[in-house]
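Start from the sequences and build out the full structure, keeping to the hints where you can.
Residue numbers for the sequence shown follow full-length UniProt numbering, so the first one is 1 and each next one is one higher.
Among these hints, one or two may not hold up.
As the list claims (entries may be wrong) - Ranges of calculated distance between the beta carbons of each label pair, as one might list FRET restraints:
1) Asn390 <-> Lys255: 26 to 32 Å
2) Ser279 <-> Asn143: 44 to 50 Å
3) Ser323 <-> Gly92: 37 to 43 Å
Said to hold, decoys possible - Distance condition first, Cα-Cα at most 16 Å in a straight line; then the derived EDC-like pairs of lysine to aspartate or glutamate:
4) Lys171 <-> Glu195
5) Lys441 <-> Glu647
6) Lys333 <-> Glu266
7) Lys220 <-> Asp616
8) Lys49 <-> Glu301
9) Lys441 <-> Glu54
10) Lys231 <-> Asp256
11) Lys171 <-> Asp203
12) Lys294 <-> Asp435
13) Lys51 <-> Glu450
14) Lys46 <-> Glu647
15) Lys42 <-> Glu449
16) Lys127 <-> Glu596
17) Lys127 <-> Glu95
18) Lys174 <-> Glu450
19) Lys208 <-> Glu266
20) Lys580 <-> Glu555
21) Lys220 <-> Asp435
22) Lys208 <-> Glu78
Source of the hints: derived by calculation from the structure; they are not laboratory data. Glycine residues also receive a C-beta, built at the ideal position from the N, C-alpha and C atoms.
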Amino acid sequence: QEGTKVLSKRKQNTAIVTSGLLHKNLLKSEQKNWNNISPTYKAMTKRIKEKLEELRNMYTLNSGSPRMRFGENVYFEENGCVFLAKADHAEGNAEILFSVEDFGFSDAFIHRIRISPDQRYMAVSLKSENSEEATCIIMKLGNLPVVEKVIPSVFSFEWAANDVLYYTTQKNLKCQNVFMTTFTYQKHTKLVYTEQDARFFVDLYCTKDRRFLTINSNSKTTSEVWLVDCKHPFESPALVQARTTGVIYHIEHRKDELYILTTYGEPAEYKLMKAPVASSGKENWQLVYALEKKTKLVDFEMFSDDCIMFLKTAGHLYLNVISFVSHSVQSIKLPTWACEFELESHPEHTTSTCYFQLSSPVHPPKRFAYSFKENNLIEQAVQEVPIIKNCHTTRLLAKSKDETLVPITVFHNKNSKELHRRPLLVHVYGAYGIDLNMSFKEEKLMLIEEGWILAYCHVRGGGEQGLSWHRDGCQHNKLKGVHDLRACIMLLHQLGFSQPKHTALAAASAGGVLAGALCNTDPALIRAMVLQAPFIDVLNTMMKTHLPLTIEEQEEWGNPLEDEKCMKYIKSYCPYQNIKPQCYPSVFITAYENDERIPLTGILQYVQKLRKAALDHASRARKKGNWIPNIILDVQANGSHCDSSWEHSLNE
Numbered sequence: 001q002e003g004t005k006v007l008s009k010r011k012q013n014t015a016i017v018t019s020g021l022l023h024k025n026l027l028k029s030e031q032k033n034w035n036n037i038s039p040t041y042k043a044m045t046k047r048i049k050e051k052l053e054e055l056r057n058m059y060t061l062n063s064g065s066p067r068m069r070f071g072e073n074v075y076f077e078e079n080g081c082v083f084l085a086k087a088d089h090a091e092g093n094a095e096i097l098f099s100v101e102d103f104g105f106s107d108a109f110i111h112r113i114r115i116s117p118d119q120r121y122m123a124v125s126l127k128s129e130n131s132e133e134a135t136c137i138i139m140k141l142g143n144l145p146v147v148e149k150v151i152p153s154v155f156s157f158e159w160a161a162n163d164v165l166y167y168t169t170q171k172n173l174k175c176q177n178v179f180m181t182t183f184t185y186q187k188h189t190k191l192v193y194t195e196q197d198a199r200f201f202v203d204l205y206c207t208k209d210r211r212f213l214t215i216n217s218n219s220k221t222t223s224e225v226w227l228v229d230c231k232h233p234f235e236s237p238a239l240v241q242a243r244t245t246g247v248i249y250h251i252e253h254r255k256d257e258l259y260i261l262t263t264y265g266e267p268a269e270y271k272l273m274k275a276p277v278a279s280s281g282k283e284n285w286q287l288v289y290a291l292e293k294k295t296k297l298v299d300f301e302m303f304s305d306d307c308i309m310f311l312k313t314a315g316h317l318y319l320n321v322i323s324f325v326s327h328s329v330q331s332i333k334l335p336t337w338a339c340e341f342e343l344e345s346h347p348e349h350t351t352s353t354c355y356f357q358l359s360s361p362v363h364p365p366k367r368f369a370y371s372f373k374e375n376n377l378i379e380q381a382v383q384e385v386p387i388i389k390n391c392h393t394t395r396l397l398a399k400s401k402d403e404t405l406v407p408i409t410v411f412h413n414k415n416s417k418e419l420h421r422r423p424l425l426v427h428v429y430g431a432y433g434i435d436l437n438m439s440f441k442e443e444k445l446m447l448i449e450e451g452w453i454l455a456y457c458h459v460r461g462g463g464e465q466g467l468s469w470h471r472d473g474c475q476h477n478k479l480k481g482v483h484d485l486r487a488c489i490m491l492l493h494q495l496g497f498s499q500p501k502h503t504a505l506a507a508a509s510a511g512g513v514l515a516g517a518l519c520n521t522d523p524a525l526i527r528a529m530v531l532q533a534p535f536i537d538v539l540n541t542m543m544k545t546h547l548p549l550t551i552e553e554q555e556e557w558g559n560p561l562e563d564e565k566c567m568k569y570i571k572s573y574c575p576y577q578n579i580k581p582q583c584y585p586s587v588f589i590t591a592y593e594n595d596e597r598i599p600l601t602g603i604l605q606y607v608q609k610l611r612k613a614a615l616d617h618a619s620r621a622r623k624k625g626n627w628i629p630n631i632i633l634d635v636q637a638n639g640s641h642c643d644s645s646w647e648h649s650l651n652e
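In structure tokens:
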């Protein structure tokens, strides 16, 4: 028995070494292939790069990073430095409190800044492009700011009191521990909370009025919140409501009442409820406001007498203002071109104006303000940026296989003639209840100017029409997302937006599942596919529980290890598993060597298998005019999962 044990161990080690060698060799051959191919695109790359830099200089919003205001003082970050300025003085006189370069973090950027309530301390986290973990530096402010403490591998942090900081640590993409650390009299650090369930991720948040610090433990479908009383930061956290499978909730506070944003009750969409702090169990939750059907809650912000909800219905953005004084709700439709919205930070809970930015893939961010007093929306002319006049926005609905109507947002140049001859770039995501990213990108505007059509398919699995839209496209419903995507592309072609031979499909991360699946089932619908850090080997990844995200991802994809039906279902759509000899579109993939989320091995094997299938088909069907697709992989040595600086994304 001893002997066999040693043997099996040796076998195991040999297998690990062999797979490691295979990975290295595949990577080398792909890098060689890329180095041979990339010079072909040199002239085109140069032209595009110059154009994008020109657009960036023209459209970048000069408002810089958000301003954090504390009474007379304004804190802000620019070019790796944190500045302090007086509210009524010119920012040119601002003093530097912190500089990334002074700490020797040459490739790092500032990720998060938190100022203590009495402004004696500042906590800053730094992140590098090659890692998802951040380092937190605590500075003691004063005439000469000094470093008080450095904490490695931090995810989120908040001040509970003047010198009491709570923070979470991150390891292997997981956050499960919350610590409290103090800086005056008795300096000490202690563990406050540990999450035992691997599907849950812990982060911290302070209520808008700074009365409570919340410890939020969330899985993909369920949450639990603990409250730290900021007046008594050393007392043990109090539980709001024990986790209930399928119920998500988030906490805000106003005048001794908790305001709870939750999916509790029917229908299982977001509602705003409230309960007394002293009896916060869900049996005491009272409804304040419920969202209408097929409505997505984009963001929520609390003010002293009102709260604001940003909503998305049928592709349009709305601003709902709920008054706690007059108990009224007012709904304001935002401009039709707006697709994406970002709230500016308002540390002051009592402010009478709410500032936010609106944008779309082809419209640079524009600043707006909503005044509670005047009860109106004001467009802020920060600077004179040229207005995008010649771009047309169209919203369509495609009928999917089961008759469900799937929204599509289309952008094209108003002056384009013969749209059926124009190239079309289709975007898809459809996972985790996350909306397709529609924020402004210089390259999208460039494509519009050059006569391209851009289409965004809001398929099931994403969050565009609320939580049920996500539920309808995850686990045993994943194929619905593929059917939706097919219906969208077919409708675009039927309506005269381009044609298959001029159509490209783009996806990133989990969007690669639907794009890769469609590429196997309907390769004739598209001519090219562009993937960034794609998830394309669902089956093998979900079978490997040692990978950091496998357990928590089971709520999205299912558990093939324990459920044979689920295993067969994943096998039926998994892009890697369903490659077969046929005429494929050309494929361009960008992957990252240091990506902790998407194992590079799976991408390398996918590219090899896809190339072989395309060549097999070409050699079998030696007809005239038979073409072999370009299948190209660019493995970036730097950068982590789909998250890069302007320079990086420009090179890409």
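Now for the hints, and whether the structure bears them out:
1. Asn390 <-> Lys255: 26 to 32 Å: For Lys255 against Asn390, whose Cβ atoms are near 50 Å apart, the range 26 to 32 Å is violated.
2. Ser279 <-> Asn143: 44 to 50 Å: Between Ser279 and Asn143, where Cβ atoms are some 48 Å apart, the hint holds.
3. Ser323 <-> Gly92: 37 to 43 Å: Since Ser323 and Gly92 have Cβ atoms about 40 Å apart, the given range 37 to 43 Å holds.
4. Lys171 <-> Glu195: Since the Cα atoms of Lys171 and Glu195 sit roughly 13 Å apart, the hinted pair holds (cutoff 16 Å).
5. Lys441 <-> Glu647: 13 Å, holds
6. Lys333 <-> Glu266: 26 Å, violated
7. Lys220 <-> Asp616: 41 Å, violated
8. Lys49 <-> Glu301: 38 Å, violated
9. Lys441 <-> Glu54: 13 Å, holds
10. Lys231 <-> Asp256: Since the Cα atoms of Lys231 and Asp256 sit roughly 13 Å apart, the hinted pair holds (cutoff 16 Å).
11. Lys171 <-> Asp203: 13 Å, holds
12. Lys294 <-> Asp435: Judged against 16 Å, a Cα distance of about 13 Å means the pair holds.
13. Lys51 <-> Glu450: Holds - the C-alpha atoms of Glu450 and Lys51 are around 11 Å apart, at most 16 Å.
14. Lys46 <-> Glu647: 14 Å, holds
15. Lys42 <-> Glu449: The hint is violated at about 21 Å.
16. Lys127 <-> Glu596: 15 Å, holds
17. Lys127 <-> Glu95: 23 Å, violated
18. Lys174 <-> Glu450: 43 Å, violated
19. Lys208 <-> Glu266: 28 Å, violated
20. Lys580 <-> Glu555: 29 Å, violated
21. Lys220 <-> Asp435: Given that 16 Å is the threshold and the Cα spacing comes to 15 Å, the pair holds.
22. Lys208 <-> Glu78: 25 Å, violated
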